[in-house]
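A.B. asks: Residue numbers (the working numbering), protein chains in the order written: chain A, 0 to 522; chain B, 1386 to 1468.
You may find that some hints are simply not true.
Residues from chain B shown here face chain A by an in silico Cβ test under 10 Å; the list is partial [to be verified]:
1) Thr1434
2) Ile1442
3) Ala1446
Using 30 Å as the maximum straight-line C-alpha spacing, the simulated BS3-like pairs for lysine-lysine come out as follows [to be verified]:
4) A:Lys269 / B:Lys1397
5) A:Lys464 / B:Lys1431
6) B:Lys1431 / A:Lys114
7) A:Lys269 / A:Lys294
8) A:Lys269 / B:Lys1431
9) B:Lys1396 / B:Lys1467
10) A:Lys294 / A:Lys383
11) A:Lys294 / B:Lys1431
12) A:Lys427 / B:Lys1431
13) B:Lys1396 / A:Lys269
14) A:Lys464 / B:Lys1396
15) A:Lys464 / B:Lys1467
16) A:Lys512 / A:Lys422
17) B:Lys1467 / A:Lys520
18) B:Lys1431 / A:Lys520
Simulated restraints, written as ranges between beta carbons of each label pair [said to hold, decoys possible]:
19) B:Lys1397 / A:Ser45: 55 to 65 Å
20) A:Pro446 / B:Thr1420: 21 to 31 Å
21) A:Arg304 / B:Gln1389: 49 to 59 Å
22) A:Gly172 / B:Gln1389: 40 to 50 Å
23) A:Thr517 / B:Pro1405: 49 to 59 Å
24) B:Gln1389 / A:Ala117: 38 to 48 Å
25) B:Lys1397 / A:Thr171: 39 to 49 Å
26) A:Thr171 / B:Thr1420: 20 to 30 Å
27) B:Thr1420 / A:Lys106: 12 to 22 Å
Hint data in this document are derived by calculation from the structure and do not stem from the laboratory.
For each residue, glycine too, the CB sits at the ideal point set by N, CA and C.
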Amino acid sequence: MTLQHYLDESVERFPERTAVREADGASVTYGELGALSDRLRDRLASMGVSPGDRVGIYLRKSIDAVAAIFGVLKTGAAYVPVDPSAPPSRNGYIFANCSVKVAITEKRFEEGLRKHLAAEGAGDTPLLVIGEAGGGAGLHAALDAVAAAPRVATIHTDADALAYILYTSGSTGKPKGVMLTQRNATSFVDWCSETFAPVPEDVFSSHAPFHFDLSILDIYTPLKHGATLALVPEDVGKDPQKLARLIRDARITVWYSTPSILSLLVQYGKLEDFDLSHIRTILFAGEVFPIVHLKALHARLPHPRYFNLYGPTETNVCTFYELPSTIPVERADPFPIGVVCSHLEAVVVDEEGNEVGKGERGELCIRGASVTPGYWNLPEQAAKAYLTTGVGKSAAASSERWYKTGDVVTEEPGGVYVYAGRKDRMVKKRGYRVELGEIESCLYRHPNVREAAVVAIPDDELGLKVRAHVATRDGARISVIALKGFCAQHLPVYMIPDVFSFHPELPKTSTEKTDYQTLLKME
Amino acid sequence: MERQDIVDTVKKFILEQFLPGEDPDELTTDTPLMTTGILDSLATLKLVTFLEQEFDITVEAHEADAANLNTLDLIADLVDGKL
Chain A
0 MTLQHYLDES VERFPERTAV READGASVTY GELGALSDRL RDRLASMGVS
50 PGDRVGIYLR KSIDAVAAIF GVLKTGAAYV PVDPSAPPSR NGYIFANCSV
100 KVAITEKRFE EGLRKHLAAE GAGDTPLLVI GEAGGGAGLH AALDAVAAAP
150 RVATIHTDAD ALAYILYTSG STGKPKGVML TQRNATSFVD WCSETFAPVP
200 EDVFSSHAPF HFDLSILDIY TPLKHGATLA LVPEDVGKDP QKLARLIRDA
250 RITVWYSTPS ILSLLVQYGK LEDFDLSHIR TILFAGEVFP IVHLKALHAR
300 LPHPRYFNLY GPTETNVCTF YELPSTIPVE RADPFPIGVV CSHLEAVVVD
350 EEGNEVGKGE RGELCIRGAS VTPGYWNLPE QAAKAYLTTG VGKSAAASSE
400 RWYKTGDVVT EEPGGVYVYA GRKDRMVKKR GYRVELGEIE SCLYRHPNVR
450 EAAVVAIPDD ELGLKVRAHV ATRDGARISV IALKGFCAQH LPVYMIPDVF
500 SFHPELPKTS TEKTDYQTLL KME
Chain B
1386 MERQDIVDTV KKFILEQFLP GEDPDELTTD TPLMTTGILD SLATLKLVTF
1436 LEQEFDITVE AHEADAANLN TLDLIADLVD GKL
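Looking at chain A on its own, in the form it has when it is part of the complex:
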């Protein structure tokens, strides 16, 4: 079974049902989505794309982008989606890094992309440029503009073939590509089928951008079951009142996003003005949901089932917890990350890799069908992140890989895991993985920055705030406006520090390393 099988089967069973709908009302049926992605498959094949290749997707979230994903998969290649709002330098780096065979983009991104591909030594990468993504019309027009490509068959690769690569923040200052196979994706989507029992009448939200791993549940779960995918545009996604209206108008039944957007929705969305009784399930993942906002949401919308989903991109969702139907008002702790999903196994280990007892702290490690094979072209980082030797008492099954999540947990009665914190310097900001080291690397590129250290501090409103401590070469403070503008040239907006502090020099430990413990407490 492949991801492209899911679409083929729904095209066969539900050709007239709506597959994808955009916020302005444009939509496609399964039959139309199948046909459009077939045409793109043929075009890509004629451009030389074949199984084992990568194809970049640099498009606004749209019907065109969904068709592009399936068009790529049907050639047997893997798709590499990037953030259309990120700096073109970052996207050019990503496409060059995994040497995409073709990149699909929009007219407005073409110039920036060409420039940065050339700067990365990949200036000869063929581009498939569509005028403007939206409603599928842009992709149709781009395919109509040239003579029809010869029809080729859809290729169903084997389960270990790459399906897509998702680039996340990398600690070395460059994004790193998490490679995901067909098996990784389908084992997860099949778990979603089993757990959330989708029906063709469902409408799933697509809030997360396509380069973010929440999009895997969003896209493939409804399309496997003949349900509808309701795309939430980036600008609506950040605006609580627009979002509440969209949820109502699209009659969304299954919602999935990070907790931060649900927090904004309950605080600023004026939910009392909207009838949202059609929502049957609310899923959230990506960060801890501050309990005060979760209680407020649950009080406002008490009827849906709520699930806390947990998992890094390297495993997708690996544990889940269904909230009780009533939440005690006195509850002050976040909910657990829950029990391990049925297609995976979990173990909690100490620093030496030995399994710890129940109730003791240790690092959560995951094994099974959705554990990814590693990072694109970074075998050394993969060797650190995955264990191939036996872990704990499961040593007998050491032929399989364990992913070390870097998350510290305890196991409570009933096999329920409780999240206790991170081992390393990665944080989650609005659900995005942010390597604090990558922000530091960016700051060090500024000509007047002598020292930079970035820390994450808890924040009542945002959940978490990123503060950059900076010492300048000339001792004077740099304009925050200028620094934020500088960061915006190199980093996506969610990685730009919220607050800057300037110091003559940064505190050091006795071994002359940056003293992050002290910096955490400094203003």
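Put chain B on the given structure of chain A with help from the hints.
C.D. replies: What follows is chain B alone, placed relative to chain A:
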């Protein structure tokens, strides 16, 4: 109210709320605010609330985006058009 008064009022609010300690001269009428993270989504909501109260206007949900709020110039245009 003169357009310059709107710019000055909004500039003072943004400097106090979101850019404490910043040199006021650095914040010009075409400094990008949303695309550089000076105004994140929560700060944008706070700005909209301020505009509504300070100028006694209503900012529609669809207007609260970078097309209308990314610079002081754009914000002044939006407010001016509603007075």
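A.B. asks: Please go over all the hints and tell whether each is borne out by the structure.
C.D. replies: Status of the hints after comparison with the structure:
1. Thr1434: OK, holds: Thr1434 of chain B within 10 Å of chain A, min 9 Å.
2. Ile1442: Violated: closest Cβ of chain A sits about 16 Å from Ile1442 of chain B, beyond 10 Å.
3. Ala1446: 4 Å, holds
4. A:Lys269 / B:Lys1397: Cα-Cα ~28 Å, so holds.
5. A:Lys464 / B:Lys1431: Judged against 30 Å, a Cα distance of about 17 Å means the pair holds.
6. B:Lys1431 / A:Lys114: 38 Å, violated
7. A:Lys269 / A:Lys294: 16 Å, holds
8. A:Lys269 / B:Lys1431: 15 Å, holds
9. B:Lys1396 / B:Lys1467: With Cα atoms ~18 Å apart, Lys1396 of chain B and Lys1467 of chain B stay inside 30 Å; holds.
10. A:Lys294 / A:Lys383: Not satisfied, since the Cα-Cα distance of roughly 38 Å exceeds 30 Å.
11. A:Lys294 / B:Lys1431: 23 Å, holds
12. A:Lys427 / B:Lys1431: Holds, at about 23 Å.
13. B:Lys1396 / A:Lys269: 28 Å, holds
14. A:Lys464 / B:Lys1396: 23 Å, holds
15. A:Lys464 / B:Lys1467: 34 Å, violated
16. A:Lys512 / A:Lys422: Judged against 30 Å, a Cα distance of about 18 Å means the pair holds.
17. B:Lys1467 / A:Lys520: 44 Å, violated
18. B:Lys1431 / A:Lys520: 27 Å, holds
19. B:Lys1397 / A:Ser45: 55 to 65 Å: 59 Å, holds
20. A:Pro446 / B:Thr1420: 21 to 31 Å: 22 Å, holds
21. A:Arg304 / B:Gln1389: 49 to 59 Å: 54 Å, holds
22. A:Gly172 / B:Gln1389: 40 to 50 Å: 43 Å, holds
23. A:Thr517 / B:Pro1405: 49 to 59 Å: Distance hint for Thr517 of chain A, Pro1405 of chain B is violated at roughly 22 Å.
24. B:Gln1389 / A:Ala117: 38 to 48 Å: 44 Å, holds
25. B:Lys1397 / A:Thr171: 39 to 49 Å: 41 Å, holds
26. A:Thr171 / B:Thr1420: 20 to 30 Å: Holds - the Cβ-Cβ distance for Thr171 of chain A and Thr1420 of chain B, about 26 Å, lies within 20 to 30 Å.
27. B:Thr1420 / A:Lys106: 12 to 22 Å: 20 Å, holds
In this structure, the hints that do not hold are numbers 2, 6, 10, 15, 17, 23, in rising order.
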